[in-house]
Amino acid sequence: GQSLEQPSEVTAVEGAIVQINCTYQTSGFYGLSWYQQHDGGAPTFLSYNALDGLEETGRFSSFLSRSDSYGYLLLQELQMKDSASYFCAVSRRDDKIIFGKGTRLHILP
Amino acid sequence: DSGVTQTPKHLITATGQRVTLRCSPRSGDLSVYWYQQSLDQGLQFLIQYYNGEERAKGNILERFSAQQFPDLHSELNLSSLELGDSALYFCASSVGGGRTGELFFGEGSRLTVL
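Protein chains in written order, with our numbering: chain A, 1128 to 1236; chain B, -17 to 96.
There may be inaccurate statements among the hints.
The list that follows gives simulated cross-link-like pairs (lysine-lysine, DSS-like), each with its CA atoms no further than 27 Å apart [to be verified]:
| id | chain 1 | residue 1 | chain 2 | residue 2 |
| --- | --- | --- | --- | --- |
| 1 | B | 39 | A | 1228 |
| 2 | A | 1228 | A | 1208 |
| 3 | A | 1208 | B | 39 |
| 4 | B | -9 | B | 39 |
| 5 | B | -9 | A | 1228 |
Derived from the structure by calculation, the hints contain no laboratory data.
Bound conformation, chain A alone (with noise of 0.2 Å):
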């Protein structure tokens, strides 16, 4: 089986960092990306990791630790903006692509 488990909801404060964290299992990793949802909008792609580190995109960074089957999305310099849904989601090596259930993250003024 799979499954990815992500906080279902998360608060910050506009200016601030925030950590999403998501843990995965499943058969045939290949790598893992974050994707953010607007309401009312389509998924967009923002990071992809495949192997260990931090991949850092502006103010997004992204995770992984394979070994750990856990990654995560670190979000700085908070704005209004990136309230947001952050879903990660794993690829494997039968092409699959599945997502976790999403993250909402509400940004306090």
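Take the given structure of chain A and dock chain B to it, following the hints.
Chain B in isolation, oriented as in the chain A frame:
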């Protein structure tokens, strides 16, 4: 704009009916993925095609079928519709298969079954 086009954007139909959702991938992308997203739910993987062939299958109901045509556009057919099939259906494309990790999503087709 992701470059992925989905039609129709909205569709309202009755139980027992059949609908077809269409997806045109980004230029150059060979792989098409279909996902179902119900209210407050994640993205449920349905099926994936690569260059015209079915590559991976998720929890797709037997009432649902899909195909990818030689011009790489894809169609998702939903038949004998039930109320629970009401959802947002997304198509996404990628250059290769899932190992690239990066999918480009269309704006989705919102299906309402009454």
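Hint by hint, here is what the structure shows:
The suggested pairing of residue 39(B) with residue 1228(A) holds, with an alpha-carbon distance near 19 Å, which does not exceed 27 Å. Distance restraint check for residue 1228(A) and residue 1208(A): the Cα-Cα separation of roughly 21 Å lies within the 27 Å cut-off, and the hinted pair is therefore satisfied. A distance of roughly 35 Å separates the Cα atoms of residue 1208(A) and residue 39(B); the hinted pair therefore is violated under the 27 Å criterion. With a CA separation close to 24 Å, the supplied pair residue -9(B) and residue 39(B) stays within the 27 Å bound.
Annotation: proposed proximity of residue -9(B) to residue 1228(A) holds, straight-line Cα distance about 23 Å (limit 27 Å).
Of the hints listed earlier, the one the structure fails to meet is number 3.
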